[in-house]
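*Asks:* Residue-level listing of the chains:
Number of protein chains: 2
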Amino acid sequence: MEEFKELLELVKEKKFIQVKDIVQDLNVVDFAEFIEEMDEDDASAIILFRLLPKEMAAEVFAYLDRDMQQRIVEKISDKELSGILSELFLDDTVDFIEEMPASIVKRVIKMSDSDTRKQINQLLKYPEDSAGSLMTIEFMELDDDWTVKKAIEEVRKKSQDKESVSTLFVTDPKRKLLGTIELRDVLAGNDDEIIGNLMETDIISVNTMEDQAEVADMFKKYDLIAMPVVDNEGRLVGLITIDDVVDVMEEETTEDIYKMAAMEPIEESYMDTGVFTLAKKRIVWLMVLMISATFTGMIISKYESDLVNYNLVFLTSYIPMLMDTGGNAGSQASVSIIRCIVLGEVAFKDIFKIIWKEFRVSIIVGIGVAVLNFIRIIITNAIYPTLANPLLTAFIVSLTLIFSIIIAKFIGCTLPLIAHKMKLDPALMASPMITTIVDALVLLIYFNVAAIAFRF
Amino acid sequence: MEEFKELLELVKEKKFIQVKDIVQDLNVVDFAEFIEEMDEDDASAIILFRLLPKEMAAEVFAYLDRDMQQRIVEKISDKELSGILSELFLDDTVDFIEEMPASIVKRVIKMSDSDTRKQINQLLKYPEDSAGSLMTIEFMELDDDWTVKKAIEEVRKKSQDKESVSTLFVTDPKRKLLGTIELRDVLAGNDDEIIGNLMETDIISVNTMEDQAEVADMFKKYDLIAMPVVDNEGRLVGLITIDDVVDVMEEETTEDIYKMAAMEPIEESYMDTGVFTLAKKRIVWLMVLMISATFTGMIISKYESDLVNYNLVFLTSYIPMLMDTGGNAGSQASVSIIRCIVLGEVAFKDIFKIIWKEFRVSIIVGIGVAVLNFIRIIITNAIYPTLANPLLTAFIVSLTLIFSIIIAKFIGCTLPLIAHKMKLDPALMASPMITTIVDALVLLIYFNVAAIAFRF
Chain G
1 MEEFKELLEL VKEKKFIQVK DIVQDLNVVD FAEFIEEMDE DDASAIILFR LLPKEMAAEV
61 FAYLDRDMQQ RIVEKISDKE LSGILSELFL DDTVDFIEEM PASIVKRVIK MSDSDTRKQI
121 NQLLKYPEDS AGSLMTIEFM ELDDDWTVKK AIEEVRKKSQ DKESVSTLFV TDPKRKLLGT
181 IELRDVLAGN DDEIIGNLME TDIISVNTME DQAEVADMFK KYDLIAMPVV DNEGRLVGLI
241 TIDDVVDVME EETTEDIYKM AAMEPIEESY MDTGVFTLAK KRIVWLMVLM ISATFTGMII
301 SKYESDLVNY NLVFLTSYIP MLMDTGGNAG SQASVSIIRC IVLGEVAFKD IFKIIWKEFR
361 VSIIVGIGVA VLNFIRIIIT NAIYPTLANP LLTAFIVSLT LIFSIIIAKF IGCTLPLIAH
421 KMKLDPALMA SPMITTIVDA LVLLIYFNVA AIAFRF
Chain V
1 MEEFKELLEL VKEKKFIQVK DIVQDLNVVD FAEFIEEMDE DDASAIILFR LLPKEMAAEV
61 FAYLDRDMQQ RIVEKISDKE LSGILSELFL DDTVDFIEEM PASIVKRVIK MSDSDTRKQI
121 NQLLKYPEDS AGSLMTIEFM ELDDDWTVKK AIEEVRKKSQ DKESVSTLFV TDPKRKLLGT
181 IELRDVLAGN DDEIIGNLME TDIISVNTME DQAEVADMFK KYDLIAMPVV DNEGRLVGLI
241 TIDDVVDVME EETTEDIYKM AAMEPIEESY MDTGVFTLAK KRIVWLMVLM ISATFTGMII
301 SKYESDLVNY NLVFLTSYIP MLMDTGGNAG SQASVSIIRC IVLGEVAFKD IFKIIWKEFR
361 VSIIVGIGVA VLNFIRIIIT NAIYPTLANP LLTAFIVSLT LIFSIIIAKF IGCTLPLIAH
421 KMKLDPALMA SPMITTIVDA LVLLIYFNVA AIAFRF
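Protein sequences appear in the order of chains G and V. When we follow our numbering, the leftmost residue of the first sequence carries the number 1, and every step to the right adds one. When we follow our numbering, the leftmost residue of the second sequence carries the number 1, and every step to the right adds one.
Certain hints may be false.
Which copy is meant is left open, because identical chains are indistinguishable; a pair holds if it fits in one copy or across any two.
[Stated by the list, open to error] Quick list of in silico lysine-lysine cross-link-like pairs, BS3-like style, CA-CA up to 25 Å: (1) K349 <-> K302; (2) K20 <-> K118; (3) K280 <-> K353; (4) K421 <-> K110; (5) K221 <-> K5; (6) K259 <-> K162; (7) K162 <-> K150; (8) K54 <-> K15; (9) K281 <-> K353; (10) K281 <-> K259; (11) K349 <-> K5; (12) K54 <-> K221; (13) K162 <-> K220; (14) K259 <-> K220; (15) K162 <-> K149; (16) K259 <-> K149.
Quick caveat, the hints were computed from the structure, so don't treat them as lab data. No experiment lies behind these values; they were computed from the predicted model shown.
Chain G on its own, in the form it takes in the complex (with noise of 0.2 Å):
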């Protein structure tokens, strides 16, 4: 961070040619993110980004965020934002005025080529979260009957261009996908051979429709850094690359994670995000899980008289103790599924192998809890004495505590297995559901033992 505070410095003193001497050695994801912390008011963001050279202003560009990118945009001269627009690759382009008020959207459009316009009409149209929608059309492709002498000419003219180069795909005239070639593969190659006999044959590649998390899927099961994307009749029309894929696998683990937290997914991030739209994302499940809960009112409303008439109120005070518990216990198992659900480690062929391991961790988790609430009870009851019979009571909860873990690592390990196989989000049966399902359970169970213990 020190070369960027001298930077200011000579910015404020005009020393241009000096800072224009000193931005070409910075790290252009360093850079971005500098101007991107500066004060919203302080020009010398919009002036060092226009000192930088023209390709580096590209790629600086291309890792602004929104406001940034905008604020530019409306400073800089159309020279200068057509001088962006040609380094830019396309994929970057889209993203950017996918995000742009149509006045600006307007502008881009207005200083792209024709072809350039083509392409990026073409782009927008892909639905959001499709392969279409993530792919570049900037690859290198090669003639199946080429040697690899030509092969690698054609490489080291159009390399440049392209965004990635590790995968080279080859096409016949008609552009229809006959294989890929690692450019490793390539370069090890001997002058003369033909690349048609080097190239890999069992191609994988998606169809421009294919949902982004397949896509990601993909990429981890085959370790693939780059993926040809195809059209319906098998032409290749773009190419995908790692990096995209990672911002992808991101997205997808929050999503995940805010629906295991009983919440709605939101499309841009948090901190993005209005007021109005967290509150919508997040209020109908705590509706539904409010409603549900009428069932365990139901229960305690039903034993409400037996415990007056019997004097047994003070069980209610172990409730919350119980409840939390089923619940984090079944939110234990039923996480631990989910994820092996979402990493593929796990089907619902398994069900019976997973139901009794959970069933053999229970037993044992549910002893060891069950032994230490034994012993908190009567270690608080002998320091403020409140129970008239605390060995029977301690009895009871922790007994209660043993079932209610079993129960609740069965559900919390089955639910999600059904909701999979049925193609629900195995996501939507984490703690939340589970928790509501096992409270109902939990207190079913305490009345019926408290109910026996106490003859009632």
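Assemble the complex: chain G is given as a structure, and chain V must be docked to it using the hints.
*Replies:* Using the frame of chain G, we list chain V on its own:
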């Protein structure tokens, strides 16, 4: 999967030459998945594997799980094993022997030449989860005084033995890292340009001892596909590639999710983890949270006699619903903020902005849920009349709901930020912890509101 079934037929008919023909065209990942899923007693899996060409056998081997790797190594000859080892990248070899019993490790070490043996022992020394344990040593080095032509010749000669040649490293004779250069930029250069003039000198690198989570963050931040690893003297010792980082990202996410559900993370996959280990990872938090719930019990005990004396025991039937809604509202906030912290979107300085945002959200959500709850109580009581004063009861419960949601969201959004500020893991401040705290507060609010309404 059709071609795999055909393969099995051919193996049974002992038509091995035809099998060999078919297997070379198969995808290695699909092949690995296929033989992994075969029955353990089925010898065809091993036969199929032994029919693979040497290079492909190594690739398939790297994708197999631990059990299958062990079964294969126990069945194949020393010559076959040494063939596979010579083709495996060193990081894959190390990953493999780290998981094997001592007898196999010994055999592998014996099979390797003395150079490889030294390197394996070196790599095994790095702590788990460090950059050193993640890296491979098969990287491509260039001298800074080479011309582009010379560099391309060298890459063509050596690329086949390198794990990745997308990013090349420029070093001095003492192996000190001088710069990095993308292969595409080498290819785009003119034959007589000097590598030293083309390379990037703002090097993004890590030390061997850096934590893998930090490595993953750097890959994300700088959109890298490969990164150099250096020792304390700045000498180049390894290369980390994006495919290994993607695995780290998943591991880290799984750890976060486990912590958020009150579990200590497990080292291996759920299915490979034993019952006792699972129980150990889960029981600690259950015990801590169970003990903390002593407070909620004490609050209820304190009001118990009032409830009985004023004929208000029916109020306890709303406790589960109030606690769950408070807990859920709090988790929604805490999980949102924890995810933001993990993604680097918010910092402690944003705390007041976040509190203000959550306050407004909680007002909207609170009123919405409260109104629905009011209606629910009135309707339920109209169907099964149990309440002496339904309007007042509905009002008390709904008012408590509003206060509970406001306080739950406040605690949910502040605790993770405070934990992060105190260098604690914010994920520990997720649902279960928040629920326990919110429960006690909800009960206090509830009984105080009721005390005012019923004047006890």
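*Asks:* Now tell me, hint by hint, if it's right for this structure.
*Replies:* Consistency of the hints with the structure:
1. In this homomeric assembly, K349 and K302 never come within 25 Å of each other (Cα to Cα): the closest approach is 40 Å inside a single copy and 50 Å across copies.
2. When the C-alpha separation of K20 and K118 is checked against a cutoff of 25 Å, the pair qualifies neither within a copy, at 35 Å, nor between copies, at 48 Å.
3. Taking the closest pair of Cα atoms, K280 and K353 come within 25 Å of each other only across two copies (19 Å); inside a single copy the shortest separation is 39 Å, beyond that limit.
4. For a Cα distance limit of 25 Å, the shortest separation of K421 from K110 qualifies neither inside one copy, at 50 Å, nor across copies, at 48 Å.
5. In this assembly of identical chains, the alpha carbons of K221 and K5 lie at most 25 Å apart only when taken from different copies (21 Å versus 44 Å within one copy).
6. For the homomeric pair K259 and K162, neither the shortest alpha-carbon distance inside one copy (38 Å) nor that between copies (42 Å) is at most 25 Å.
7. Taking CA atoms no more than 25 Å apart as the test, K162 paired with K150 passes in both settings, with 18 Å inside one copy and 23 Å between copies.
8. In this homomeric assembly, K54 and K15 come within 25 Å of each other (Cα to Cα) only inside a single copy, at 19 Å, whereas the closest approach across copies is 62 Å.
9. Proximity of K281 to K353 under the C-alpha cut-off of 25 Å is restricted to the inter-copy arrangement: shortest distance 19 Å between copies versus 36 Å within a copy.
10. Taking identical chains as interchangeable, the C-alpha atoms of K281 and K259 lie at most 25 Å apart whether they share a chain (10 Å) or sit on different chains (24 Å).
11. Proximity of K349 and K5 under a CA criterion of 25 Å is satisfied inter-copy only: 21 Å between copies versus 60 Å inside one chain copy.
12. Taking identical chains as interchangeable, the C-alpha atoms of K54 and K221 lie at most 25 Å apart only when they sit on different chains, with a minimum of 22 Å there against 38 Å within one chain.
13. When the C-alpha separation of K162 and K220 is checked against a cutoff of 25 Å, the pair qualifies both within a copy, at 23 Å, and between copies, at 21 Å.
14. For the identical chains of this complex, K259 and K220 are neighbours both inside a copy (22 Å) and across copies (24 Å), given an alpha-carbon limit of 25 Å.
15. For the identical chains of this complex, K162 and K149 are neighbours both inside a copy (19 Å) and across copies (21 Å), given an alpha-carbon limit of 25 Å.
16. Proximity of K259 to K149 under the C-alpha cut-off of 25 Å is found in neither arrangement, the shortest distances being 53 Å within a copy and 54 Å between copies.
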